[in-house]
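The listed protein sequences correspond, in order, to chains A and B.
Using our numbering, you'd call the opening residue of the first sequence number 1 and step up by one each time.
Using our numbering, you'd call the opening residue of the second sequence number 1001 and step up by one each time.
A few of these clues could be false.
[Stated by the list, open to error] Using C-beta positions, here's what the derived DEER-type ranges look like: (1) Pro1080/B / His314/A: 22 to 28 Å; (2) Arg349/A / Pro1080/B: 57 to 63 Å; (3) Thr1114/B / Gln100/A: 24 to 30 Å; (4) Thr449/A / Arg1367/B: 56 to 62 Å; (5) Tyr1327/B / Gln100/A: 33 to 39 Å; (6) His314/A / Glu1255/B: 56 to 62 Å.
[Claimed, not checked] Some chain A residues flagged as far from chain B (calculated, every beta-carbon gap over 10 Å): (7) Leu86; (8) Gly87; (9) Met183; (10) Asp244.
It is worth saying that the hints were derived from the structure and are not from the lab.
All values derive from a computational prediction rather than experimental measurement.
Every residue gets a Cβ at the ideal spot worked out from N, C-alpha and C, and that includes glycine.
2 protein chains.
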Amino acid sequence: MSRRTAPPPHGRLLKAPENFLPADFRLDVTKDGLNDERRGFLRKSFASAAAAMAAGAGITGAARAQSATSAGEDAILKLPPHSKGLGQPVAARPYGLPSQHEQNLQRRESPGLTRVSASSVSFCPLQGLFGIITPSGLHFERHHQGWWDIDPSQHRLMVMGLVKRPMVFTMDELMRLPSVSRMHFIECGANSGMEWGNVAVPTVQYTHGMLSCCEYTGVRLSTLLDMAGFDRKQGKYILAEGADGAGLTRTINIENALDDVLVAWGMNGEMLRPENGYPLRLVVPGVQGVSWVKYLRRIEVGDQPWDTREEALHYVDLMPDGVHRQYSSIQECKSVITTPSGGQVLLDRGFYNVSGLAWSGRGKIRRVDVSFDGGNNWRTARLETPVLDKCLTRFNIDWVWDGKPAILQSRAIDSTGYVQPQMRQLRAVRGTRSIYHNNAIQSWRVAETGEVFNVQVS
Amino acid sequence: MSRRTAPPPHGRLLKAPENFLPADFRLDVTKDGLNDERRGFLRKSFASAAAAMAAGAGITGAARAQSATSAGEDAILKLPPHSKGLGQPVAARPYGLPSQHEQNLQRRESPGLTRVSASSVSFCPLQGLFGIITPSGLHFERHHQGWWDIDPSQHRLMVMGLVKRPMVFTMDELMRLPSVSRMHFIECGANSGMEWGNVAVPTVQYTHGMLSCCEYTGVRLSTLLDMAGFDRKQGKYILAEGADGAGLTRTINIENALDDVLVAWGMNGEMLRPENGYPLRLVVPGVQGVSWVKYLRRIEVGDQPWDTREEALHYVDLMPDGVHRQYSSIQECKSVITTPSGGQVLLDRGFYNVSGLAWSGRGKIRRVDVSFDGGNNWRTARLETPVLDKCLTRFNIDWVWDGKPAILQSRAIDSTGYVQPQMRQLRAVRGTRSIYHNNAIQSWRVAETGEVFNVQVS
């Protein structure tokens, strides 16, 4: 595995290969002050404590623990510097950052995916994230001609086309309008696209990392269309256009536009990040990311689809008979186990919390089932709340690993009753050249060594 | 107003005083290419368009708009550099940051509040935030002896006291246990404390900024207590202790501990930030922030409260008769309008989206009412979803400012039926020296100039 493959952060399931993580992530014998003899003693304590614990709490093989009367007091009483000294003052960092011990958790470009990095993808490190909110600094990126930090005082949004009153808004004007806040996932239509052709990308960062989830704040597009007096009889589509060099344009049905589409400036409590379209982007819940036009500068109302470059030449699904599916915009129900996932290594046998994400562009997640034997038997996972419309849902399930090979899968069911398909079911209908809209069940194989691999199960 | 008073970011309601904001935030005539004559023309277009708009959309005096056939085309067709060139590549910033135009939105220390900045507070800039999620980089800080970036591989948590099996956990061991993710607010017990004594702090950052809201991930404290086999008959309280120099200790009722208390490592999708207790903190939903012990290293089960320094000498409420309320931990139902708020300036008359936050340590927010005349008349605000237990709730309400002085207030009602009190109601019971647990209605006075001030309404 190349060093470019993103390792998970400290403390997750893994035992890091020696050459894989920076020194900060490795347990240093000289640091914890334990020699090998002492370690041997502790290991025995762990084993007996774990057995007692399992009996008491009903969690078989759960976390090992030491006797508090031996190593515990030892660890507590030898006070480290941070327990004795004066730390950093408040506002030492007026805008805070992650711990220096978490620097390995980054968004990463897939090398060679595109010829120019300004028209490429950086993937979100799902293997190291918790809950449903994606930290804005780790949100995946997909640029068509690079990103800019646009001066908001200069930015304008025009609403035109089949409207009575064409309008141009400044940011100040937009932000005075009635606003709403909503949590939604955003997924690139090409997420997991390599799997169509049986390319088993090693980690969940690269298989599913064109996925993020944020709380967005903005004005409903329907409010702007109402203000401009759009033609309700003729106006069947809108065109959204970005202000960056790509001049990205996408057609959106008027039904969507009037439903839950937002013209958003806020993301996770603050203004959008430059990489995500600062100061203004379209939020099109449930629809593939390319339609969430960044640096939004123009909304045009029309009476037919525009068939722009990014909907005629790209973002079309090539079917087995050579025909393209066009405007196949909705991200269907999908899920993936993020921990454990490809590239991680199980520490040892015993209890694990298996965790993952589920989502659907058509509504809420109703249920997630997990299999540990490649799809023969399924158990229902716990869903964390809130479970929201067109939003990521976090699931967790208990698992005791017996040290034998296992194949882990998750299968989501959404509020419409749609069940996430197997890869072979999708291929039977759509062939192997679609690139876009792969929502198949993902399989992770756990080897006897504890190593986890991306595999395709026939 | 001092320069230390945090101004809101670009694009909010304000017209920035000339000496208040960096150059980036001011409209520059040479930048937008409009001379004064042209500006005059546009102003007239705005006025007529706004009238038409108001008639069409039912939003009186809403955002001004220009005619698309004049200034609109002008603005769109003169392409700025970002519409022509190649931007920054993906992963140019493997961990992203806010726009350079938002640098003014910071957490800020209140000068002189404490003698040492390592034992002080930095306030969250609520006036510039949206929705309910607080960006981790802007989370308020309260340290008792400064913050540290602790090496997680060296950190341990001990569970001891009235338990059958005292245990010590590594981070790896904790993170294998069944985990949950929950969104909760955290508020310092002293938030809005200056208002008890009628000190009208100028901005909402300084009145209410010891408040944040995140998605936390961790293991339930009850899981750990079960594993350790705690004494259900004798064990009535737990003690939580931090590993930093302050050695902060707080007593928590066993009822809370077994209910929704978490031992958390995750915050807003990633590991806790060092300023917020990395790698482990207690999350005690609904209870004042001091009990959310950071750098958590020890949980002890006992049969009576510990009466530690931070619960005997501090974090007690001094009543009019000289008696202290002790263990008054719950943060009662409260709300505040964040936009417009003290220090902001309304651009002009007309339509505004008035926005704020509501929360209760006892449950969910049922309703928020807003008054624009100092409490004589009330209208019910829109609540954004999700509305969650012991979590911030965002509210919005339409307002047309007629240019006359106004006093804005919000009043929250929680799921227990409790109604947020007026300041005089609180003072009648608790006097003026409590410091802690002020949950009174906040009043903002809008002057004819559009300036907004913190005032106390009798």
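If any of the earlier hints don't hold here, list their numbers in rising order.
7, 8, 9, 10
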